[in-house]
Amino acid sequence: MDLNKYILFIGLLIGLVACQQKEHKVTYQEGSNILIDATTATDSGMMEKVAPYKADIDAKMNTIIGRSKKELLADKPESPLSNFVSDVIQHQAQAYLIQHKMDSIPVVSLMNIKGLRAPIPLGDITIRNIFEVMPFENEIVLLALPGDSILSLFKYLGTSEGDGIAGASVVYDGTKLREVLLDNKAIDPKKNYFLATSDYLANGGDHYHMIMNASFKRKINMKLREAIIEEIQDLSDKDLDVDANVEGRIIFN
Amino acid sequence: MINNRRKFLKTIAFGSAAGMLTIPSCKVGNGGKVKVTILHTNDVHSHIEPFPDNHAKYPGQGGFARRFALIKQVRREEEHVLLLDSGDIFQGTPYFNFYKGELDIKLMGEMGYDAGTIGNHEFDNGIDELANQISKSNFPFLCSNYKLNNSALDGLTQPYKIFKKGPIKIGVIGLGIQLNGLVTPVNYKGVDCLDPVVEGEKVAQYLKEKEKCNLVIALSHLGYEYKQDYFSDIKTAKNTKYIDVLLGGHTHTFLDQPTILNNKEGNAVIVNQTGWGGINLGRLDFTFDTSDTSGNLAFNAQL
Numbered sequence: 001m002d003l004n005k006y007i008l009f010i011g012l013l014i015g016l017v018a019c020q021q022k023e024h025k026v027t028y029q030e031g032s033n034i035l036i037d038a039t040t041a042t043d044s045g046m047m048e049k050v051a052p053y054k055a056d057i058d059a060k061m062n063t064i065i066g067r068s069k070k071e072l073l074a075d076k077p078e079s080p081l082s083n084f085v086s087d088v089i090q091h092q093a094q095a096y097l098i099q100h101k102m103d104s105i106p107v108v109s110l111m112n113i114k115g116l117r118a119p120i121p122l123g124d125i126t127i128r129n130i131f132e133v134m135p136f137e138n139e140i141v142l143l144a145l146p147g148d149s150i151l152s153l154f155k156y157l158g159t160s161e162g163d164g165i166a167g168a169s170v171v172y173d174g175t176k177l178r179e180v181l182l183d184n185k186a187i188d189p190k191k192n193y194f195l196a197t198s199d200y201l202a203n204g205g206d207h208y209h210m211i212m213n214a215s216f217k218r219k220i221n222m223k224l225r226e227a228i229i230e231e232i233q234d235l236s237d238k239d240l241d242v243d244a245n246v247e248g249r250i251i252f253n
Numbered sequence: 001m002i003n004n005r006r007k008f009l010k011t012i013a014f015g016s017a018a019g020m021l022t023i024p025s026c027k028v029g030n031g032g033k034v035k036v037t038i039l040h041t042n043d044v045h046s047h048i049e050p051f052p053d054n055h056a057k058y059p060g061q062g063g064f065a066r067r068f069a070l071i072k073q074v075r076r077e078e079e080h081v082l083l084l085d086s087g088d089i090f091q092g093t094p095y096f097n098f099y100k101g102e103l104d105i106k107l108m109g110e111m112g113y114d115a116g117t118i119g120n121h122e123f124d125n126g127i128d129e130l131a132n133q134i135s136k137s138n139f140p141f142l143c144s145n146y147k148l149n150n151s152a153l154d155g156l157t158q159p160y161k162i163f164k165k166g167p168i169k170i171g172v173i174g175l176g177i178q179l180n181g182l183v184t185p186v187n188y189k190g191v192d193c194l195d196p197v198v199e200g201e202k203v204a205q206y207l208k209e210k211e212k213c214n215l216v217i218a219l220s221h222l223g224y225e226y227k228q229d230y231f232s233d234i235k236t237a238k239n240t241k242y243i244d245v246l247l248g249g250h251t252h253t254f255l256d257q258p259t260i261l262n263n264k265e266g267n268a269v270i271v272n273q274t275g276w277g278g279i280n281l282g283r284l285d286f287t288f289d290t291s292d293t294s295g296n297l298a299f300n301a302q303l
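So the protein sequences, as listed, match chains A and B.
Mapping the first sequence onto my numbering, position 122 (from 1) lands on 122, and the numbers just tick up by one.
Mapping the second sequence onto my numbering, position 40 (from 1) lands on 40, and the numbers just tick up by one.
Everything labelled a hint here was simulated from the structure, so no lab data went into it.
Incorrect hints may have been included.
Below, in silico cross-link-like pairs of lysine-lysine (DSSO-like), each with a Cα-Cα straight-line distance of 27 Å or less [as the list claims (entries may be wrong)]:
| no. | chain 1 | residue 1 | chain 2 | residue 2 |
| --- | --- | --- | --- | --- |
| 1 | A | Lys114 | B | Lys100 |
| 2 | B | Lys136 | B | Lys72 |
| 3 | A | Lys155 | A | Lys217 |
| 4 | B | Lys33 | B | Lys72 |
| 5 | B | Lys33 | A | Lys25 |
| 6 | B | Lys212 | B | Lys33 |
| 7 | B | Lys210 | B | Lys33 |
| 8 | B | Lys227 | A | Lys155 |
| 9 | B | Lys100 | A | Lys25 |
| 10 | B | Lys189 | A | Lys219 |
| 11 | B | Lys147 | B | Lys235 |
| 12 | A | Lys54 | B | Lys136 |
| 13 | A | Lys60 | A | Lys70 |
| 14 | B | Lys264 | B | Lys147 |
| 15 | B | Lys210 | B | Lys264 |
| 16 | B | Lys33 | B | Lys100 |
| 17 | A | Lys217 | A | Lys101 |
| 18 | B | Lys227 | A | Lys76 |
| 19 | B | Lys227 | A | Lys176 |
| 20 | A | Lys70 | B | Lys57 |
| 21 | B | Lys72 | A | Lys49 |
| 22 | A | Lys60 | B | Lys100 |
| 23 | A | Lys25 | B | Lys227 |
| 24 | A | Lys114 | A | Lys219 |
| 25 | A | Lys176 | A | Lys190 |
| 26 | B | Lys57 | A | Lys114 |
| 27 | A | Lys25 | B | Lys238 |
Using the sequences and the hints given, assemble the complete structure.
So, in structure tokens, the structure goes:
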């Protein structure tokens, strides 16, 4: 072994180890969340890269499908938008049952508020608006569940501070279920009921485990987004605006 | 025996070539202060364009082109910048419906993101599609608590990455949320979600003790804090001692400024989250005093 090389190597090794073992004192100086808005500069290169994609999407998205009487927001425990979408789900499920000559037992619908990602704006509604409300590719699913599972669902709704429902009204004392009525009647734990919801919730999403093991489960071949678009177009064909209100479907005392 | 020693020396000699580069920069750093700026986002949810001007909550806010201009400005002003994302890149605008996340990841690559982690919405088109998109990414996805070797993501993520900024070593890990109950089971087939506190701490300890990282940052999609006893950033911060910074996501939490709290040894941890939709760019500035060897995360007196 060349002695010079060896000394150089040991020297480097000591230097390396000394350097690696050094712990530098860290000081956190400051932190902030910087708002990005119209006052922020725009990178033109990035704009140019987005442009062809934007043009493609705009062509598809800017079609006006109807009008809304007001801005519909989704909020817990009950809100105009969650009521509107829950109604759409219920209508679609009822239409499916009639079309397939199935039992006309009550149909409750359930839509998670977290799944409604944007409001329906006041005035003209475009396809884009509905993509923003419902960006997910979720489908409507029809489930048959015994009354006790439906009761578990409503008990859970008390702790999750509400979600979108149609076909039922429910009252809580704090988080505790006081009363729930389906079609103005109390739930019979042994009777079967239909629940229409998204495939996401039917698979136990958003902690809805109690509806996972339905004896009957069928996709009605309709995406949630398509159902909302269809409802708005139907209203528009009849010269009606979209409208929905908080009606006391879910009451927390 | 002699052969073995020769082989050993040869290996080290190769290593020392890299060492020659390290030592001078180490010496230059002695006695000086090195500033590192961390920029970060979370839950951008495919908001490539700004929110529309008539949006009820965030009129005209966000947008990739503006964010990139801001990032470029910081890079002009600061020598050492890290750009990180805490997941839920996907889902929320038609850009995702039509391009399946490919455009988001491509543009983030062009902005020079250094690393990201996987949020629950990354699984929305199924794990095979996520694997397809990640395989095209030019920045790494970090997952420290997902066991992925039986899944389509096997080999496509890494448990940590170390970034060298001058003489400073910054270790970055990724903490993923429990997918059960959030994602349709078939969409995350083969993913085993392990305890983020235990696994995160393990990797962070390795980065601190073995890799001698000066700072460990967790990109987290656990969520800021819950009423229920779920894993969260606050819970992780309080129950670990090797993680210095948690850059969070999932709960779309807007913080006026980063939260500072104590870890289980009473040392400071910083938790930040930028809301969602690319409305804010998070920024944290650290200085590393290269003459001081105490190593603990300390705070500026102004705070």
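Hint check:
no.	hint	result
1	Lys114/A - Lys100/B	holds, 21 Å
2	Lys136/B - Lys72/B	holds, 24 Å
3	Lys155/A - Lys217/A	holds, 22 Å
4	Lys33/B - Lys72/B	holds, 23 Å
5	Lys33/B - Lys25/A	holds, 10 Å
6	Lys212/B - Lys33/B	holds, 18 Å
7	Lys210/B - Lys33/B	holds, 24 Å
8	Lys227/B - Lys155/A	holds, 17 Å
9	Lys100/B - Lys25/A	violated, 43 Å
10	Lys189/B - Lys219/A	holds, 22 Å
11	Lys147/B - Lys235/B	holds, 21 Å
12	Lys54/A - Lys136/B	holds, 21 Å
13	Lys60/A - Lys70/A	holds, 24 Å
14	Lys264/B - Lys147/B	holds, 26 Å
15	Lys210/B - Lys264/B	holds, 21 Å
16	Lys33/B - Lys100/B	violated, 44 Å
17	Lys217/A - Lys101/A	holds, 16 Å
18	Lys227/B - Lys76/A	holds, 16 Å
19	Lys227/B - Lys176/A	holds, 17 Å
20	Lys70/A - Lys57/B	holds, 15 Å
21	Lys72/B - Lys49/A	holds, 16 Å
22	Lys60/A - Lys100/B	holds, 16 Å
23	Lys25/A - Lys227/B	violated, 35 Å
24	Lys114/A - Lys219/A	holds, 21 Å
25	Lys176/A - Lys190/A	holds, 22 Å
26	Lys57/B - Lys114/A	holds, 16 Å
27	Lys25/A - Lys238/B	holds, 21 Å
Hint check: violations occur at hints 9, 16 and 23; the rest are consistent with the structure.
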